[in-house]
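These protein sequences, in sequence, are chains A and B. Adding 4 to a residue's 1-based position in the first sequence gives its number in the numbering used here. Adding 129 to a residue's 1-based position in the second sequence gives its number in the numbering used here.
No lab work stands behind these hints: they were computed from the structure. Glycine included, C-beta positions come from ideal geometry on N, C-alpha and C. Certain hints may be false.
The calculated label-pair distances, taken between Cβ atoms and stated as ranges, are [to be verified]:
#1 A:Asn65 x B:Asn256: 33 to 39 Å
#2 B:Thr173 x A:Leu280: 35 to 41 Å
#3 A:Gly108 x B:Thr173: 36 to 42 Å
Below, a list of computed lysine-lysine pairs in the DSBU-like style, where the Cα atoms sit at most 30 Å apart [unchecked claim]:
#4 A:Lys149 x A:Lys234
#5 B:Lys217 x B:Lys391
#6 A:Lys105 x B:Lys391
#7 A:Lys77 x A:Lys277
#8 A:Lys105 x B:Lys217
#9 A:Lys109 x B:Lys217
#10 A:Lys277 x B:Lys217
#11 A:Lys109 x B:Lys391
#12 B:Lys393 x A:Lys105
#13 A:Lys77 x A:Lys149
Residue strings, one per chain:
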Amino acid sequence: MSTALTETSSAAPSRPAVWPRLGGAALGQGLVIAYLSIIVLIPIAALVAQSTDGGWSAFWNAISNPEAWWALKWTLIASLIVVVVNVLAGTAIAWVLVRDKFPGKAALNGVIDLPFALPTVVAGITLLALYGPNSPIGVNAAYTKIAVVAALLFVTLPFVVRAVQPVLMEVDIEAEEAARSLGAGPLTTFRRVILPSLTPAILAGSALAFARAIGEFGSLVLFAGFIPFKTEVMSGLIYQGIGSGNLTGAAAQSVILLAIALVVLLIFGRLTKWSLRHAG
Amino acid sequence: MLASGRTSRWGLRTFALGYLALLLMVPLGMIFYRAFEHIGPAFTSITSADAMHAFYLTILVTAIAVPFNTIFGVGCALLLVRTNFRGKALINAIIDLPFAISPVVIGLALLLVYSRTGWFGPWLDANGFQVAFAVPGIVLATIFVTVPFVVREVVPVLHEIGDEQEQAARTLGANWWQSFWRITLPAIRWGVSYGVVIATARALGEFGAVAVISGRISGQTQTATIWIQQAFGNYDQAGAYLGAVVLALLAVSILVAMNVFKRKEA
């Protein structure tokens, strides 16, 4: 999954087509386009069409009313916090998994992907079991901003770790040893020798984590709730809009959310490419 | 490097292990404890007709959605890697789109196409098909969210194996199907398996999109994840925790399969 960004940009080398018969490739292309249209494109088109149903002022109002504006800001702030924590913790975890040695490391490595495999509702209920009203350790974070951030951290855990890990395995240890022997301290070595080669991976992982975080829903339902002006993020606002029958407003908010996700992925994609060029 | 200092090595290890323990391991352990704390009522709740139907529906929907995306995924990956055509970048972008869309937004988009007031709603209604608030809607939502997985796993494998063997088979007189079944498919099988496994995990756990499109009618359009959420809301916490444990165990077995396939691929 973490390779999604880089795969998109890599064009295939030109190879002669080997297909069932003449026109087979064209048939295949037609089928792929038809499938993607029915499953993905037509629904998205309906969403965009519905968002403009009430005209520009209704569109603007759907996002500029106090509750929506607050939810949008909080969604972005929470996602930003989540990205920063993931960059630090994810890189540290990847480091420990690659460079450190201790019993049980292989099992720990397998556990990292658990948030990908675990249903989001289960993620929420899991956090609620330990940090909810009946917390055995006396920490009740349910329905607070901390709950939002914790749930988002849970579901985005693998992105940065899995992006950084393979790159870290390839990093040349000799360059580090050379830097050390020339008198560089551990922090300088990390910052000047290792970090530049990790940056593209960290950026790619961050982009996926951010895109995931701003749209997250399932893990928040039970643990954080969608309390206006307190824990409500955009996905919760949209959900409640649908429930109350305000489809046009919900569609407008959805289009904004989708646009932000796409712009962020685009910017991070550019940054990743730029940092790859400057990785040396 | 950092690890050369004993303190920094221990510091990093403690931080990483502590972070994973607090965020992941200990909370997961807790749901097992919570489920078995009141195992009697929890078991009664999870074996109720509505709960059983919800789990059955989740399995049914997964069993339909994943094969669709597996066939699409392999075909699409072959097209993207082995042929050149205009609009390839666009198709690549569309395939990644589900990663960027909130599940709730996916549910809303489907609603706007298939509900009674949606684009296709009146026509479907007139012909006796119900998609929104029915099983077909849940299947469509699940297919939407799992579109990228098989394609994204198979594309890099196809790049890596190249097409020399396929061409050799063709030169020796094999037709497209023979070369696909005997050369290509065996070479990409672990990549396909890995994609299928993560698509299955995502399908079993889908919540947001299904919560919107399914109508959440208990005993009819309620999937396992929605049953768990509603049980929790209805003060049946023991049942909800046991349901979560069942899905968590499924997730763990999926995780084991992922690790097996990843190793075979390497």
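Going down the list of hints, with the structure as the test:
Between Asn65 of chain A and Asn256 of chain B the beta carbon distance is about 37 Å. The supplied range of 33 to 39 Å therefore holds. For Thr173 of chain B and Leu280 of chain A, the Cβ-Cβ distance of about 57 Å falls outside the hinted range of 35 to 41 Å, so the restraint is violated. At about 37 Å, the beta-carbon gap between Gly108 of chain A and Thr173 of chain B stays in the expected band of 36 to 42 Å. For the hint pairing Lys149 of chain A with Lys234 of chain A, the CA-to-CA distance comes to about 7 Å; that is within 30 Å, so the pair holds.
Restraint check: the Cα-Cα separation between Lys217 of chain B and Lys391 of chain B comes to about 27 Å, which is no more than 30 Å; the hinted pair holds. This hinted pair checks out: Lys105 of chain A and Lys391 of chain B have alpha carbons roughly 22 Å apart, not beyond 30 Å. Simply put, Lys77 of chain A and Lys277 of chain A have alpha-carbon atoms about 28 Å apart, close enough for the 30 Å limit, and the pair holds. In summary, the hint linking Lys105 of chain A to Lys217 of chain B is not supported, as the alpha carbons are separated by about 44 Å, beyond the 30 Å threshold.
Distance hint between Lys109 of chain A and Lys217 of chain B is unfulfilled; the C-alpha atoms sit about 41 Å from each other, more than 30 Å. Annotation: proposed proximity of Lys277 of chain A to Lys217 of chain B holds, straight-line Cα distance about 20 Å (limit 30 Å). As the CA atoms of Lys109 of chain A and Lys391 of chain B are separated by approximately 17 Å, the hinted pair is consistent with the 30 Å bound. With a C-alpha separation of about 24 Å, the suggested pair Lys393 of chain B and Lys105 of chain A falls inside the 30 Å cut-off, and the hint holds.
Of the supplied pair hints, the one linking Lys77 of chain A and Lys149 of chain A holds, its CA atoms being roughly 13 Å apart against a limit of 30 Å.
Of the hints listed earlier, those the structure fails to meet are numbers 2, 8 and 9, in rising order.
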